[in-house]
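Join the two chains, each given in its own frame, into one complex according to the hints.
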Amino acid sequence: MKKFLEWIWLAVGLLLGAALGVGYAWVIRPAEFRGAEPAFLQPVYRGEYILLAATAYQATGDLERARDRLALFPELNPEVLNSLAQQVAAAHGSDEAARGLAQLSVLLLEETPTQQIPTATRYLSPTVWRTPTDPPTLALTVPFLPTATVQPAATSSPTLQPDFLLVSRDEVCDARISQPQIQVVVRTPDGAGVPGITIRIQWEGGGSRFVTGMKPDIDEGYADYEIEPGKQYQITLGDGLTVVRDLMAPTCPGSTAVAGGGESVSFEGSWRLEFEMR
Amino acid sequence: MKRFLLLTAGTVVGIALGVWYGWSVSPVTYTGISPDQLRVEYQTDYILMVAETYAADQDLGQAAVRLSRLGQADLAGLVRQVAEAYAAAGYPEQDCQRLNRLALDLERYSILPTAKP
Numbered sequence: 001m002k003k004f005l006e007w008i009w010l011a012v013g014l015l016l017g018a019a020l021g022v023g024y025a026w027v028i029r030p031a032e033f034r035g036a037e038p039a040f041l042q043p044v045y046r047g048e049y050i051l052l053a054a055t056a057y058q059a060t061g062d063l064e065r066a067r068d069r070l071a072l073f074p075e076l077n078p079e080v081l082n083s084l085a086q087q088v089a090a091a092h093g094s095d096e097a098a099r100g101l102a103q104l105s106v107l108l109l110e111e112t113p114t115q116q117i118p119t120a121t122r123y124l125s126p127t128v129w130r131t132p133t134d135p136p137t138l139a140l141t142v143p144f145l146p147t148a149t150v151q152p153a154a155t156s157s158p159t160l161q162p163d164f165l166l167v168s169r170d171e172v173c174d175a176r177i178s179q180p181q182i183q184v185v186v187r188t189p190d191g192a193g194v195p196g197i198t199i200r201i202q203w204e205g206g207g208s209r210f211v212t213g214m215k216p217d218i219d220e221g222y223a224d225y226e227i228e229p230g231k232q233y234q235i236t237l238g239d240g241l242t243v244v245r246d247l248m249a250p251t252c253p254g255s256t257a258v259a260g261g262g263e264s265v266s267f268e269g270s271w272r273l274e275f276e277m278r
Numbered sequence: 001m002k003r004f005l006l007l008t009a010g011t012v013v014g015i016a017l018g019v020w021y022g023w024s025v026s027p028v029t030y031t032g033i034s035p036d037q038l039r040v041e042y043q044t045d046y047i048l049m050v051a052e053t054y055a056a057d058q059d060l061g062q063a064a065v066r067l068s069r070l071g072q073a074d075l076a077g078l079v080r081q082v083a084e085a086y087a088a089a090g091y092p093e094q095d096c097q098r099l100n101r102l103a104l105d106l107e108r109y110s111i112l113p114t115a116k117p
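Protein sequence lines, in the order shown, are assigned to chains C and W.
Residue numbers are given in my numbering: position 9 of the first sequence equals residue 9, and the series is strictly consecutive.
Residue numbers are given in my numbering: position 6 of the second sequence equals residue 6, and the series is strictly consecutive.
Chain W extracted, bound-state conformation (with noise of 0.2 Å):
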């Protein structure tokens, strides 16, 4: 009997550890992940990379080409959504107008990507 109780405490307290050790310690990475599954302040740096390539180079398709890999349809609604959340959080003025430029742009034209990696 007292092995029994044994077994079953050591087994109980085993499973606690290991799933501790599973979800805190060491938990699963993903590896060989797109953009869209990066983490999300990633992925606003990302949209900010856009904006400020896009500030200089102009060229919109090229821009909506990147923001698509992001696997969001509303590209320009993204882009300024982002644009808010650096205004409210009180980012440099600069990045939020390009950000703004940029969603204004994509609102304003109709983006056909010819080709996708």
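Looking at chain C on its own, in the form it has when it is part of the complex (with noise of 0.2 Å):
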């Protein structure tokens, strides 16, 4: 028992040692800061380095130089790029970054969620795509977009042609649809989908933007914004040349609402818009 109590002594010492050493590593002298990871960026910064991710894939169209980036923040998912992207859409901010987001969210969307990335990639330790299996914790905060004044100003004169096509305009009269919506499908020449198209949305007093791509299980090029019946509305679509003006909820003719020879009770209906991207 004496020998037992003697060797108390040794614990006591190592933990109370253990308690100094930890002190001093932590507090008096922490190991030598050689910089962090993305993912511990201030929440304003981790937005920015995502749109800018975000942006730069929009300019190369490299998806796994862009996945690699992304996987930097665990807690990213294809749900949470499509919310910054309509936060960015909403706050005004890049066209571009919005498109972008989008876009690598139908993209990851589209992938087998536990996918592994090819090793081949020198720019960044390989990681994996996670989707998390609780909700996204991601804070983020959509950055105020920077701008600044160059001298001496770039010169340059764009021919002015329009982006987008308006080739359908549509009345929309299904009930099912409780408030009426101005739809919007972008689609390429050859008819395919095209996520990430910011639309603006304006009405008397105020505005608003919407992305395609948020609802891909209906089309990637689709996106719909809910409208008030009695008000105009219009919608500018990428470069701003293409407009559709006067948009106001239609009145649809109603279908017979009580079986066996009832009123018939109209309703207001949607509209379908139908661009082709050039």
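In short, the hints are calculated from the structure, not lab data.
This structure is a prediction, so every number in the text was calculated from the model and none was measured.
One or more of the hints may lead you astray.
[As the list claims (entries may be wrong)] Only pairs whose alpha carbons sit at most 20 Å apart, straight line, appear in this in silico SDA-like list of lysine to any residue: (1) W:K2 - C:E6; (2) W:K2 - C:A11; (3) C:K215 - C:G193; (4) W:K2 - C:W9; (5) C:K231 - C:I177; (6) C:K3 - W:K2; (7) W:K2 - C:I8; (8) W:K2 - C:L15; (9) W:K2 - C:L16; (10) C:K3 - W:L5.
[Said to hold, decoys possible] Part of the chain C face toward chain W, derived, beta carbon under 7 Å: (11) V22; (12) Y24; (13) P38; (14) F40; (15) Y45; (16) L52; (17) A59; (18) S266.
Backbone N, C-alpha and C fix where the C-beta goes; we use that ideal spot for every residue, glycine too.
Encoded structure:
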């Protein structure tokens, strides 16, 4: 028993020493800071990093690289990207960023959730795209998108040609749609839906934005915006040269509300606009 | 006497273990950092992203503001440095060209950022 008590002193020494050692290593002289990973950025910079990855993807079309960059944020998944794209569009941020984010979210959604990223990348260490089992908890702040003055200003005289062509404008009289909508579909000339196109919508005294690709189950190039009956709307696509004005929820003839010859009740319908991207 | 020796030996070993744990196993992590505190490889990738974006949108002002987050005064020199490092490491020619283009344009124009977040 006496011998056992003596060894207690060793244990006490170990505990005391360990506490002192950890205190020294954490407080007095922490390990040299050699920089952190992007996941540790402040929310505003994290948001900007992700947007930058999206705009860079939009510029290069290099999905593998974009995926590697986004994989640095373990909580990110296509759902969060979607939400961020919406936030960027709504905050009147960069169209390129919103488009890139939406496209990335669609592309990543199409992939197997736990697909291994090819290890060939030399830019960053290979990582795995993770779909978290828990709801996303990534705190992102849509960054302020900076502007700056460049002197001298670059002079250019671009040829003004719209990027989008309105190919159809149809009333949608579907009583199952409870709230009137403006439905937009953007396709390539060969008919493929184009996600990530920002649509500006304006009405008297207000405006907002929405982005195609948020409902890929309907169509990758589809987007809709709920409108109020009796209000006039105008939508603008891409470069601002494609504008559709005077959009007001159309009045649709109602089907017979009561079987056996009841009164026909009209209702407010929606608009479906199809655009071709040039 | 034996008790004292055991206590001292335990403390010395404990300190060594504690320092090893605090430096190697679970070092202090920093959160809420800014881009200039990213690890070097992420800073260079950040610069490449700026160059890639600039190649598409030609918005030199925005590129300059983004680069200024890295806390360097000589933005053109910073990009040039990365371009040279990429070229030396044998990275794709296109990346080097984008970086060089950005460096060149930054050298050519004077940038006056008007806003910061």
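Evaluation of the provided hints:
1. W:K2 - C:E6: holds (8 Å)
2. W:K2 - C:A11: Distance ~14 Å between K2 (chain W) and A11 (chain C) Cα, so the pair holds.
3. C:K215 - C:G193: holds (11 Å)
4. W:K2 - C:W9: holds (9 Å)
5. C:K231 - C:I177: holds (18 Å)
6. C:K3 - W:K2: Given pair K3 (chain C), K2 (chain W) holds - Cα atoms ~11 Å apart, limit 20 Å.
7. W:K2 - C:I8: holds (12 Å)
8. W:K2 - C:L15: Status holds; Cα separation ~18 Å.
9. W:K2 - C:L16: holds (18 Å)
10. C:K3 - W:L5: holds (14 Å)
11. V22: holds (4 Å)
12. Y24: holds (6 Å)
13. P38: holds (6 Å)
14. F40: holds (5 Å)
15. Y45: Status holds, d = 6 Å.
16. L52: OK, holds: L52 (chain C) within 7 Å of chain W, min 5 Å.
17. A59: holds (3 Å)
18. S266: Constraint on S266 (chain C) not satisfied, violated at 47 Å.
In summary, the structure is inconsistent with hint 18 from the numbered list given earlier, while agreeing with all the others.
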